[in-house]
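Student: Could you build the full structure based on these sequences and the hints that come with them?
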Amino acid sequence: MPLRYLWVPDPLRFRARYDAGLAPSYVVRAAELVQEVARAHLAAAEDQEKRSS
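Under my numbering, the sequence shown is numbered contiguously, ending at residue 309.
In case anyone wonders, no lab produced these hints; they're calculated from the structure. As the structure is a prediction and not an experimental result, all values here were calculated from the model. The beta-carbon is built from N, C-alpha and C at its ideal position, and this holds for glycine as well. Among the hints, erroneous ones may be present.
What the hints assert, rightly or not - For each label pair, taking beta carbons as the anchor points, the in silico distance ranges come out as: (1) G277 / E302: 31 to 41 Å; (2) L298 / L259: 13 to 23 Å; (3) H297 / A272: 17 to 27 Å; (4) V293 / R260: 19 to 29 Å; (5) L262 / V290: 20 to 30 Å; (6) L262 / D303: 12 to 22 Å; (7) S281 / S308: 35 to 45 Å; (8) A279 / S308: 40 to 50 Å.
Tutor: Shown next, in the form of structure tokens:
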């Protein structure tokens, strides 16, 4: 059963800078994972919004 909330936060946004030559490889992979999760969350939210319209 979908729940309707009276308030939801705006999507999270962040920026980060790093020196790719100095950063460990796991930093790049962590950023990629965060991006994948954020995109999946946005797609799910948009899909839910379409279904509830």
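Student: Can you tell me whether the CB distance of H297 to A272 sits inside 17 to 27 Å?
Tutor: Holds, at about 19 Å.
Student: Lying within 12 to 22 Å: is that true of the beta-carbon distance L262 to D303?
Tutor: holds (21 Å)
Student: Taking the Cβ atom of L298 and the Cβ atom of L259, is their distance within the range 13 to 23 Å?
Tutor: Given about 19 Å between the Cβ atoms, the range holds.
Student: Given the hint of 20 to 30 Å, is the C-beta distance from L262 to V290 inside that range or not?
Tutor: holds (28 Å)
Student: Could one say that the CB atoms of V293 and R260 fall in the range 19 to 29 Å?
Tutor: holds (23 Å)
Student: Has the hinted range 35 to 45 Å been met by the Cβ atoms of S281 and S308?
Tutor: Roughly 41 Å apart at Cβ, these two residues keep to the hinted range, so it holds.
Student: Honestly, do A279 and S308 meet the 40 to 50 Å range at C-beta?
Tutor: holds (41 Å)
Student: So the hint says 31 to 41 Å: do the beta-carbon atoms of G277 and E302 match that?
Tutor: holds (37 Å)
When the structure is compared with the earlier hints, no violation turns up for any of them.
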